[in-house]
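Could you slot chain B onto chain A? The hints should help.
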Amino acid sequence: MANAEAQAAKGHVEGQQHPLGIYLKIWAWLFVLSTFSYLVDYFHLEGYLRWTLILTFMFMKAGLIIAVFMHMWWERLALVYAIGLPTILLMVFIFLMTHEADNTFLIRGLFFAAGT
Amino acid sequence: MTQSHTGQAVARPEGLQGIVADWSSDQRAFKKVPWGKAMMWIFLLSDTFIFSCFLLSYMTVRMSTTVPWPNPSEIFALSFGGAPIPLILIAIMTFILISSSGTMVLAVNYGYRKDRVRTMTFMLITAALGATFVGMQAFEWTKLIVDEGVRPWGNPFGAAQFGSSFFMITGFHGFHVSVGVLFLILIARKVWRGEFDNEARGFFTSRKGNYEIVETMGLYWHFVDLVWVFIFALFYLW
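Quick note, the sequences are listed as chains A and B, same order.
So the first sequence is numbered by the numbering used here: it starts at 1 and just counts up by one.
So the second sequence is numbered by the numbering used here: it starts at 117 and just counts up by one.
Next comes chain A alone, as it looks inside the complex (with noise of 0.2 Å):
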């Protein structure tokens, strides 16, 4: 914020300005990560330990991308929340649509077991 406010005093620049420096390093973490997410399916990781760490991973680099990439971190917060808070109803969504998978899935287990 104190920097995007430092930028705004002097004047002219509406837009995102920023050292080099924060991108290349944000580059190279971006690198990292992925290159442990990929390492996951390497190893042959299974289960919850699998699905633990590729979210986290997953989360993590988007993430950086927004803060950072996309500048999300240095704006005001009417627009971050303008944003942000509607792809919460996503959560909404995937609660009800595992829910529905599931129940999907139970009755195919019971009628295509009957079927055969």
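Don't take every hint at face value.
Some, not all, of what chain B presents toward chain A, calculated at C-beta under 10 Å [to be verified]: (1) 132; (2) 182; (3) 202; (4) 214; (5) 218; (6) 228; (7) 269; (8) 271; (9) 350; (10) 352.
Keep in mind that the hints were calculated from the coordinates and are not lab data.
Owing to the predicted nature of the structure, the values given are computational and were not obtained by experimental measurement.
Just so it is clear, CB atoms sit at the ideal spot from N, CA and C, and this is done for glycine as well.
Just chain B now, kept in the frame of chain A:
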């Protein structure tokens, strides 16, 4: 930026009070953001919902099928003379797309410094990496369709829904990358012609050219990379 009529900058409240102040004022809600960038964010939000619908339907069919799901680790393996390396093509594609995001962010940065040549160069590198990604995807699709007989309605490995989910999700993502490459080349051409330095008016909007469009373009490109992060984790690694 808000200015009083004496031309001096007025400090705006931060935090939750800032949200209320920005939205309740009878003026534009998104301060310090060019209109094009705010509109790009709203477009990306709608695009998020489109891709979420694809990934959610994939999740639903995968969870509800009674037939075993094909193992992506083996299907997307590739051998360079020796034993097949699992998922290696997808890993390379991931690194290419991340690199293109890195070069894009450099282009945005040099754009705000009004470094015309470097901005254009990095945008063209980004476009080249994006085109490479699409090329590798075309190779992957060809291999799956021609060599392994994967179709949207069935495949030799297991659950029939694998094909339809795969072609729909990666196809729509590949389309986004292709459109992004075209836009990158268009904007790079504008940078090269100096249209953002001498504020030439766009033929479509008649607004003065400005380097801010490079950042707006960058938002779209990073979003494409962001979607790939989710596809990579949820479709290929799961």
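*Could you check if residue 202 of chain B really has its C-beta closer than 10 Å to a C-beta on chain A?*
6 Å, holds
*asked:* Interface hint check: residue 269 of chain B, Cβ to nearest Cβ on chain A, cutoff 10 Å. Holds or violated?
replied: Where the cut-off is 10 Å and the nearest Cβ of chain A is about 18 Å from residue 269 of chain B, the hint is violated.
*Do the numbers back the hint for residue 182 of chain B, that is, is its least Cβ distance to chain A under 10 Å?*
Holds - the Cβ of residue 182 of chain B comes within 10 Å of chain A, reaching about 5 Å at its closest.
*Does residue 271 of chain B meet its interface restraint, that is, does its C-beta lie within less than 10 Å of any C-beta in chain A?*
19 Å, violated
_Given a cut of 10 Å on the nearest C-beta pair, is the interface hint for residue 214 of chain B held or broken against chain A?_
5 Å, holds
*asked:* Holds or violated: the hint that residue 228 of chain B contacts chain A, with Cβ atoms closer than 10 Å.
replied: 5 Å, holds
_Interface hint outcome for residue 350 of chain B [beta carbon to chain A under 10 Å]_ = 8 Å, holds
*asked:* Given a cut of 10 Å on the nearest C-beta pair, is the interface hint for residue 132 of chain B held or broken against chain A?
replied: Holds: closest Cβ of chain A sits about 7 Å from residue 132 of chain B, inside 10 Å.
*Given residue 218 of chain B was flagged as interface, is its beta-carbon under 10 Å from a beta-carbon of chain A?*
Holds, because the Cβ-Cβ distance from residue 218 of chain B to chain A comes to roughly 4 Å (cut-off 10 Å).
*Would the stated hint for residue 352 of chain B survive a check requiring a Cβ distance to chain A of less than 10 Å?*
Hint holds; residue 352 of chain B Cβ to chain A Cβ min 8 Å, cut 10 Å.
Hints 7, 8, counting from the list given before, are not met by this structure.
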